[in-house]
Amino acid sequence: MFKALLRQLVFLLPWFLMVPGGWFHARADEYFVSRIEPILKKHCYECHSHGSGKMKGGLTLDSRSGWEQGGDHGPAIIPGKTAESLLFQAVDQKTGKLKMPPSGRLPEADIRLLEEWILGGAKDPRKVAVHKGPVEAWWSLKKLEKPLVPKGASHPIDAFIRHKLAAKGLQPALLTDRRTLARRLYLDVTGVPPTWEEAEAFVNSPDDDGYEKLVDKLLASPRYGERWARHWLDTIHFAETHGFEHDLPRAEAWRYRDYVIAAFNNDIPWGRFIQEQLAADAFYPDDTSKRVALGFLGAGTFDASSYSTAPKTFEYLDRDDLVHQTMAAFTSTTANCARCHAHKFDPISQEDYYSLQAVFAGIVEGNISFDEDPKIAKERSRLTLLADAAVRKDAGVLLVPEYQAVVQKWVEQHQNPVVWQTLEFDGKVKADAGTFKLQQDGSFLVGDSTPEKDTYVLTTNLPGKKWTAFRLEVLAHDSLPKRGPGRQDNGNLHLSEFEAMVLNPGQPSPKPLKFSKATADFNQEGWGIDRAIDGKPETAWGIYPQVGKDHQAIFEFEQPLPWNPESKLTIHLRQLHGGRHLIGRFRLSVTDAPNPSLAALPAEVAAALRKYASQRSQAEIIEIASQALKDYSGAELKKLPAQAKVYAAGATSEVLTGLNQGSTQNTPKPRKVEVLRRGDFDKPLKEAHPGALSAIHWLKARFDLSDSEPESARRVALANWIADANNPLTWRSVANRVWHYHFGQGICDTPSDFGKMGGNPSHPELLDWLACELRDHGGSLIHLHRLILTSHAYKQSSAGNAKGVELDAQNRLLWRQNNQRMDADTYRDGLIAIAGKMDWKMGGPSIRYFREGKPVQSTPTLDYQVFDWGSMPLHRRSIYRFVWRGIPDPFMEALDFPDLGLLTPRRESSSSALQALALYNNKFVLHFSSELARDVESKMSAIEDRISAVTQRVLLRKPTISEMQAFREYVTKHGLAALCRVLFNTNEFLFVG
Amino acid sequence: MKPGFVQRWQMDRRNLLGDIAGGFAGLALAQLLAREACSAEKPRHDFNGGLHHFARARRVIQLFMNGGASPMDTFDYKPQLEKLHGQKLGPSQKPEGFTAMPGALMKSPFAFKQHGQSGRWVSSVFPEQAKLVDQMAFLMAMQSKTNVHGQGAYLMTSGFILPGFPCMGSWISYALGNLKDNLPTFVVLPDARGLPYNQQGCFSAGFLPAIHQGTVIQAGASQPIPDLFPPKGTFTNATLDSDGLGLLGALNQSHANRHPGDSRLASRISSYELAGKMQLAAPEAFDVMRESATIRKAFGLEDKTTEDFGRRCLLATRLVERGVRFVQVWSGPQGATNNWDNHGSIPNELPPIAQSVDRPIAALLQELKARGLDKDTLVVWTTEFGRTPFQQGSTGRDHNGGSFVSWLWGAGIKAGTAYGQSDDWGYQALADKTTGHDMHATILHLLGIDHEKLTVRHNGIDRRLTDVHGQVIREILA
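So the protein lines, in turn, are chains A and B. Here the first sequence is numbered in this note's numbering, starting from 1 and rising by one per residue. Here the second sequence is numbered in this note's numbering, starting from 1 and rising by one per residue.
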């Protein structure tokens, strides 16, 4: 068998392999190029090459690594082994299911050549041919340098625009009329149309600088931030629910929205905006009020179902969303396209992509807590460090003079022993299963059957005194496993709940006693005594590994109780954890000692306290100080105001797993991220380390962070990489976005993709000039807005002309301004404002403009149609609307409010019958038509005046004579509200002008 | 769709199939034609309305069994499970997306019998569909890449496991437009008890213009289409409305005259005319009471168990009959009950939900045939994934993307076929495996669309319904 095979091999060996010598490689290469490559090119490249842009089944055959890595079925060729080479089997078509190429079997001679080549070791000299030409040749990756402004116009922007227009033989349009200009400016900058009075004031202004002043006034208006925050929220797919299967609301997400509004209104430098959103916690550790910026990290979707049942899938996909969002929003790069293979069109490797994933490997989305007041944060941090030092018994912290007085006072309060009176139950002791034997010392030994769970119930009367606390002692005993005090095999116990009820004479039912505090001399880790009074049967107190010893727990009353001797006291010791974690021996007592002296102290502390101060050893002094400062820091921490929350992401976050339900996740160390073959996490190739895109070779693409650095160092490094003055993508990206919103079309018309699949910039020099202006003026967007808004290009008319349409139908060269349709938000805000029903209040939790019903599963049901617009006197701007990702508002959707499952760098603007129905018949439009009519009717009585007034308010002009005639006829017949509705449906209103 | 400003607005760009041109506003028509001239592809008469080749089907009804219908208790008979019942042979670790550790192998509690000439095995839960197996083509070994509902439902509706991508109905609307302009192109009929997993995500137009969004219709609601008429208790009435539309038309026309050369204005004008047509057509189309008592009874409208699904199947029949292109009918809401997600007990939970769809589906197929609609209507029965052959708890089954069953019926389908085979337990697809992408590719193929050619560039990628996958399953084509 072996011999036969050998014979066959020898027979099949290509001739050059039988020739020894140094020219072996060169000959092999030549053989490949002349004999094999043509076959592959002719028959395979169409579906398996970068050139064709196709990699069917994940396979490329235009490089050696292509077939080595192979596709979905694994490596395509195993050198020397035709039987194991899928490619050969596919072309040979004798075995296996796979038959290639689909057009039919290759000529026999070609198949034999391939066989010969594979058996000979499949020598293939080709390297990956993904990126042809120097990377920097692509416009968006070129270094950013400020171009010279062409001559020909006083405004630099117009100079660039006219230069291009002239080359095409086109002229810019004339200035638009002042009324249209005012409307355009208000809607663009503030998202709200001007009032009639505002428009009139501008039209009639004798002031030559009137326009510039208006620009400045509007940019300084808080309405500006509200308008432009919406653009950013679209870009990063911010919404206030998870999306996916369990579309849960995020009640704390709004704080980030308010942050974005404030950031725009305060014109914070763009570089800082980037840093704050990615790593405010690390850039501004002391200014905790900035933590809200981290809401950026929690803007996107969250698959709560995968999070709990398919964690690996979840992790990679969730980070993918964050990488996609970050790189698209800040750098207009589609890095996510390199998840399964090197980016087909742009110079982004898989390693780049997974390096970006590694940046976010230490965080999980959820609520993060923070102090809105940095001073409180400082205090909280001091106390937390002190509490930690107390646990560590760190003398360096505990014995500083600063805390001496605190410790002294505590010692005084705890020095006198508390007198405890043992409770007697007179046989009124029950359990579900156990039996009780009263001991000499007043304790009970529980015996006989040992159930999984049990509840001991003890009932007694008490003499009338002002009682302040109970003490529960759990006591060791030789008869118990490991001497107890528990009955579990390991001597442990779990007290789920300690409850006491008092039945006063004349009362129908017993009342539960409330405890202010519980302390124990020892707490098992994660099983503190506070869990015995938290009302949750699933949490409990435990004492492991301190078994075989006595322990005690003290439960202090919220208020000292003046006892009625007739009152009946019932104590429940609920032990519901299961696994026989039951108390084996215990004693209950009561005291009337005043509160500060109470608390169950560890044995060492109690012993130290019994000594004279002068006789205490250093160790005992530390014991006392640590206990004192533990109590102190705990009490002081409780006094601090509660922390605020924002839905974001962090190493510690409260993940929202159900409706109003969260679970805290700690990620002490970033998870390992691996480069995955074909994006399949069952096929890891190698570990990826935090980094960014290597295509910008003058910036460091791998961050080289050591393992000891905190997770946030990764985010800091990425933020710095993005915000770097020499990152050309960043500044071009934001300059183009700003331009896009002002003109309805970017200089590059794919604002989140500057790659080869994106659009080519119409004015690359202008874009670079704007990017440099922005970068070099402190990253001020206001500066950029002002430049753009004062250009003729912005102010020109949107009217068409034949030549322009003929030469540049898409208006890429800006021979006129674009007449944009109002988007969903401006339309909605416009109607409310025109009707005089806008509440201009800023910020705060979002308004739910729907009726929320009981969930079928965990996502509530929403009904937008039944929302009663009359139920509130005023309404808030659309930016304060609660946006439910998976259950959108049908009215807003009809006006192209985007699906925020994905990033929306640019909104669509559609028109359809369903949109017409919504605008004509939706309750919202009808309601504000009525409100506008009512407002006007209350102010004037003549029908002509009313008609003029509503026309002015909606269309910012007086009705023409013929319109007046038609309107009067219609209003006389159907009322003023009906006319308002018609006006709100006109194209004149809907299009900006 | 490489967008320039002028082309960014979208209108009902494909509704120029010959049969609807009449009555359209002349101006709008001219604009549409101008627009069509610059778009790459449009439905062709010689392709029977197909885009790339002859269309065998012109309308689609998708029946979606929400929750993951168990194959080995319905259509995929597994005698081995009877032999191995009670044995712990499954994976020793919890696979991704399983909600619990797999238990022992569990046989189906239902009796299986062979049916029809084709001899398909069907369990006792589907007595009515069993009679029609010779008309169906079964995909017996479908596979999903996820065991999570949300992801799975997305995969079977939009081809991606993530939100934000257009679903099949939206793609078809985008590619082919409507057959008639007086009803929405894409209608969704969710279960009366609630929305499926992902809420409205499985009928989103994603990044396609809003016009391709599924119109969600609550069967039995007072207004079939949202905002079809103004709500009661407002200042409106019929004359006011129509006088207002007249006034609006005049205002918009004069505005358009002042702004020549902007086709968006004309499109908005015509959108109100289309809205008017919809007001005329929709109330009739959505009124199932116009069907005879015999037909209503056949669909199970008189029986509480079948009433809701039956009404929606009957509605689907009426809608496709009247030119709606794509109708999605959901069985079961999200949640732990009243759907196909039978974790707790196959014997208790599966029969009621199966019963609620069985008779209505049979009636749907029979009625489509009776009305001659089977010649160009495709019906697809599917679900997001299958269930484990292992027990969960004592008699339930967990999620399993490894293998599940779907069937297709109607135009262009080879009746009485079955393609694919799962392993002896029904745990994994074994031979002739198919995926949601393959199914989508096949459906598009029948509609005259090459799934690889129907693309829209979005954020740097030419997106398709079938992602980078999908092969037409020719074995089930007539």
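Be aware that a few hints might be false.
Said to hold, decoys possible - Below, simulated SDA-like cross-link-like pairs (lysine to any residue); rule was C-alpha separation at most 20 Å, straight line:
#, chain 1, residue 1, chain 2, residue 2
1, A, Lys923, B, Asp423
2, A, Lys97, B, Gly249
3, A, Lys56, B, Val468
4, A, Lys973, B, Val472
5, A, Lys99, B, Val472
6, B, Lys145, A, Ser308
As the list claims (entries may be wrong) - What the simulated footprint calls covered on chain B by chain A, stretch by stretch (three residues with Cβ under 8 Å from a Cβ of chain A suffice, anywhere in the stretch; the number is not a length):
#, stretch
7, 44-54
8, 91-100
9, 146-157
10, 299-307
11, 363-373
Unchecked claim - Covered stretches of chain A (in silico footprint by chain B; criterion: 3 or more residues with CB under 8 Å from a CB of chain B, positions within the stretch not fixed):
#, stretch
12, 75-81
13, 771-780
14, 786-792
Rather than coming from a laboratory, the hints here were simulated on the basis of the structure. On a predicted model such as this, the values are computed, not experimentally measured, just so you know. Idealized CB from N, CA, C, for every residue including glycine.
* **chain A covers the stretch 44-54 of chain B, three or more CB atoms within 8 Å, holds or violated** => violated (count 0)
* Does Gly249/B lie within 20 Å of Lys97/A when you go C-alpha to C-alpha? -> At roughly 63 Å apart (the allowed maximum being 20 Å), Gly249/B and Lys97/A break the hint.
* To do: Apply the coverage criterion to the stretch 146-157 of chain B and chain A: a residue qualifies when its Cβ sits closer than 8 Å to a Cβ of the chain, and three qualifying residues are needed.
  => With 7 residues close enough to chain A, the hint holds.
* Measure nothing beyond the straight line between the CA atoms of Lys923/A and Asp423/B; if it is 20 Å or shorter, mark the hint as holding. => Distance ~56 Å between Lys923/A and Asp423/B Cα, so the pair is violated.
* Pairwise hint evaluation, Val472/B against Lys973/A, where the allowed Cα distance is 20 Å at most -> Roughly 61 Å separates the two Cα atoms, so the pair is violated.
* To do: Would you check the hint for Lys99/A and Val472/B, treating anything up to 20 Å between C-alpha atoms as holding?
  => holds, 16 Å
* Assess, step by step, whether the Cα of Lys56/A is no farther than 20 Å from the Cα of Val468/B, and give holds or violated. => Status holds; Cα separation ~8 Å.
* Asked: Are at least 3 residues of the stretch 299-307 of chain B within less than 8 Å of chain A when you compare beta carbons?
  -> It is violated, with 0 qualifying residues against the three required.
* Asked: Given as covered by chain B, does the stretch 786-792 of chain A meet the bar of three residues or more with CB within less than 8 Å?
  -> Since 0 is below three, the answer is violated.
* 8 Å C-beta criterion, at least three residues: is the stretch 75-81 of chain A covered by chain B -> violated (count 0)
* Asked: Counting residues of the stretch 91-100 of chain B that have a beta-carbon nearer than 8 Å to any beta-carbon of chain A, does the count reach 3?
  -> holds (count 4)
* Test coverage of the stretch 363-373 of chain B by chain A using CB-CB distances below 8 Å; three residues minimum. => Three-residue rule not met by the stretch 363-373 of chain B, so violated; n is 0.
Of the numbered hints listed earlier, those contradicted by the structure are 1, 2, 4, 7, 10, 11, 12, 13 and 14.
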